[in-house]
Amino acid sequence: MELCSEEAVKYVWEGAIPLQIHLHESEVTTLPPPPPILVLGSRIGYLPLLVPLIKPHFSSTLPPGTDSVWFDYKGLPLKWYIPIGVLFDLLCAEPERPWNLTVHFRGHPGDVLTPCEGEDSVKWSYINSLKEAAYIINGNCKNIMNMSQADQFELWQSLVKGNMDDFLRISSRLKLGPLGEDCMVRSGSSLVQPRQAIGEPDFTGSGRPCRIPVRLYVRNISEDLDDLEDAVPIDCWDRISYINRPVEIHKEEGRLSLKCAMKTLLPEIFLEESLVNNHEFSREGETVGADSSYGDSETIGGLRNAQAEEIPFPGQAHVQLLKKSKIKMIRIQGIELDMDIPFFWVVNNLKNPEYFLHICVFMGTSSDQSTIR
Amino acid sequence: MLHLMQMILPRNGRRSTQIFPSGHGFLVREWVFHAEGYLALENMNQLSASEALTDDENYSAEEEPFDNATLVQSYNDDMHIYDFHIVYSFSYRVPVLYFRGYRCDGHPLLLCDIERDLPPYSLKIQNESKWTFMTQEEHPYLRRPWYTLHPCGTSDWMKLLLGGDLPSKSPDMLHYLSAWLSVVGQTVGLRIPLELHDKSI
Chain A
1 MELCSEEAVK YVWEGAIPLQ IHLHESEVTT LPPPPPILVL GSRIGYLPLL VPLIKPHFSS
61 TLPPGTDSVW FDYKGLPLKW YIPIGVLFDL LCAEPERPWN LTVHFRGHPG DVLTPCEGED
121 SVKWSYINSL KEAAYIINGN CKNIMNMSQA DQFELWQSLV KGNMDDFLRI SSRLKLGPLG
181 EDCMVRSGSS LVQPRQAIGE PDFTGSGRPC RIPVRLYVRN ISEDLDDLED AVPIDCWDRI
241 SYINRPVEIH KEEGRLSLKC AMKTLLPEIF LEESLVNNHE FSREGETVGA DSSYGDSETI
301 GGLRNAQAEE IPFPGQAHVQ LLKKSKIKMI RIQGIELDMD IPFFWVVNNL KNPEYFLHIC
361 VFMGTSSDQS TIR
Chain B
1 MLHLMQMILP RNGRRSTQIF PSGHGFLVRE WVFHAEGYLA LENMNQLSAS EALTDDENYS
61 AEEEPFDNAT LVQSYNDDMH IYDFHIVYSF SYRVPVLYFR GYRCDGHPLL LCDIERDLPP
121 YSLKIQNESK WTFMTQEEHP YLRRPWYTLH PCGTSDWMKL LLGGDLPSKS PDMLHYLSAW
181 LSVVGQTVGL RIPLELHDKS I
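In order, the protein sequences belong to chains A and B. Position 231 (the first sequence) corresponds to 231 in UniProt numbering; numbering is contiguous. Position 28 (the second sequence) corresponds to 28 in UniProt numbering; numbering is contiguous.
Only chain A is shown next, with the shape it has when bound in the complex (with noise of 0.2 Å):
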C-alpha cells in the first residue's frame, strides 16, 4: 500500500460541503427578508472564510451597528475553529445536502464562544494549531518558528485558496510526514527519526514512541438507531467530548490499525467488562500505581465503578461511556471507515493541513441513559 497516495489527498483537497446560509431573523430589517445564499465550503477551510462572500448578500439588510459574525446550527453555536469538514461530519449524523446553516452579524455569544475577529484570526488559530502539531511530531516546533513570512504567507494563502500544489511545495520543507508503515517520520528519501529536527544529534532510539497528532469528538447517539436522520441533534457542546491528545505508537507494535489506534484514545471502549485492569488509578492523591508514570503514555486503568453512567476520564474531557457502549461509526474526511485500515494510511491521506487528524466517533447507548451532562 503506498505510503501517500496523492489521489486521496486531492480528494480531501477538493471536498467540500455546500452550504445554505441564511440570515437569522432578528436581523433581517427589510421586506421581504433576503433569500439564503448558497456557498460551498471546503471541507479543509473554515467558517469565517466564507463570510466575504456572504456578508454583501445581506449587507443592505442588517440592521446598524459593527459586525461580529458568527454560524449556527440548529441553535448550536458553531466554533469557528474547527474545519467545515469536521463541524459537518459531526454534527450531521445524516449528511444534510446543502447543509441549512444560519449566520449572525450581531449579538455573539461571548461567553461560550471565543469571538473571531476575521481571518487573522483564523490564520493564527491555523498556525497555533500546526505548531502543536509539530511539537506533537518532532519534539519541538523550530521549524515552525522558523519559517520565513513569506512562506508563512504563501502557506496560509494556499490553505485560503484551496490550492494543494502550493501547499505541498511549502509545506514539505517542514518534515513534518509522511509517516512510514513502521511508524517512523519519512522525509523525502531520507528517514527522519521522530523528534529529530534537522541538524541536531539523533537521540532517539528504537524504542521512542512515535506521536501523531490527533483531535477526537465523540457523540453518543441511540444504540438502537436505524436511521441516522432520527439521531437527537445537538444542542450543546457539553454532548460531544473532544479529546486533544496525541496517538502514541512504539515501533515495536508493528503495522497499527485504525481500531489500535482508538485503543489508545479511548481504552475504556475496548475492555471486557467483565475485566478487572490491573492499573491503579487514584484522583485523590494517594499512591499512584507502579506502571503509570509522568508522560502521556500511561494508559487510563480501572472500570472503577463499572456501574457508573459515566467512567472519568482523567486528564480530559468526560467521555460519557454507558454500560455497553460501543463505536458505532468512525467518520473521518466525511468517509466511514473500517476500522482494520491501516493507521498510517489514514493519517498521511486524511489529515488536515495543520497536520492535525480529526476523527468522529459516533457511540452506540442504550437509549434510557442518553442523557449527557
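One should not assume that every hint holds.
The calculated DSS-like cross-link candidates involving lysine-lysine, where the alpha carbons are at most 25 Å apart (straight line), are [as the list claims (entries may be wrong)]:
1. A:Lys259 to A:Lys326
2. A:Lys10 to A:Lys123
3. A:Lys161 to A:Lys55
4. A:Lys263 to A:Lys326
5. A:Lys328 to A:Lys259
6. B:Lys124 to A:Lys123
7. A:Lys161 to A:Lys123
8. A:Lys74 to A:Lys55
9. A:Lys328 to A:Lys74
10. B:Lys130 to A:Lys142
11. A:Lys123 to B:Lys159
12. B:Lys130 to A:Lys123
13. B:Lys159 to A:Lys142
14. A:Lys123 to A:Lys175
15. A:Lys175 to A:Lys10
Bear in mind the hints are in silico, worked out from the structure with no lab data behind them. Remember, predicted model here, so these are calculated numbers, not experimental data.
Following the hints, position chain B against chain A.
Just chain B now, with coordinates in the frame of chain A:
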C-alpha cells in the same frame, strides 16, 4: 505530570488558605484540584493599576497576620478578580496556564483591561506577538473562552530552570509545579508565597 498535580495536594483536595497582603499583585487564596485534571486558584483579587502602591520589594512587614479590615478598605470598583487554572497539555507535556478576569460586578474583563493588569514586560511581549503569546482559547474542561499563555517554549525553559533532563520520579519533580509557577506567575503578576516552595507536601 497529571499525577504530579495530584501529589502536591493533600487528600482532601484543598490546600490550606494562605493570604498575604502585597503592594501590588495578588492576594493568595487557596488551590483546589478538580478531578477532571486541573488545578484551580480562584477569586484572586488583583488591585487595578490605579490602586497599586509604589513597587515595594520589602515584604517583611507583610508576614504579619492579615487584617480583614484592611481587605474591606481596599475593596472598590476598580478591583479585578482573576481565576487561574493549571491544565496539563498532552500535546506539549507541560502545564499550561488558563486564566480569566472580571470586575467586581461579575462583568468579564476585555483583553485591554487584562493588559492593564499585566506586568510591563509581559505587556511588551503581548504587543509584539499578539497572536502567539497570550490568546483566548477554549478551556479544555470548562469549554468556555479563557485566556491562556502559549506553552510551546515551556519545555525548553523548564529544562534550563531545573538544570538538565527532568528525571521522571526523583523528588525534584515535586517542585516542578512550583518552579513552573514561579516563572509563569511572574508573567501575569501572580506572586507565589515562599511557603509554597518550602512545603514538601
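> Which of the numbered hints above does this structure break?
Replying inline: Violated hint (a single one): 11; every other hint is consistent with the structure.
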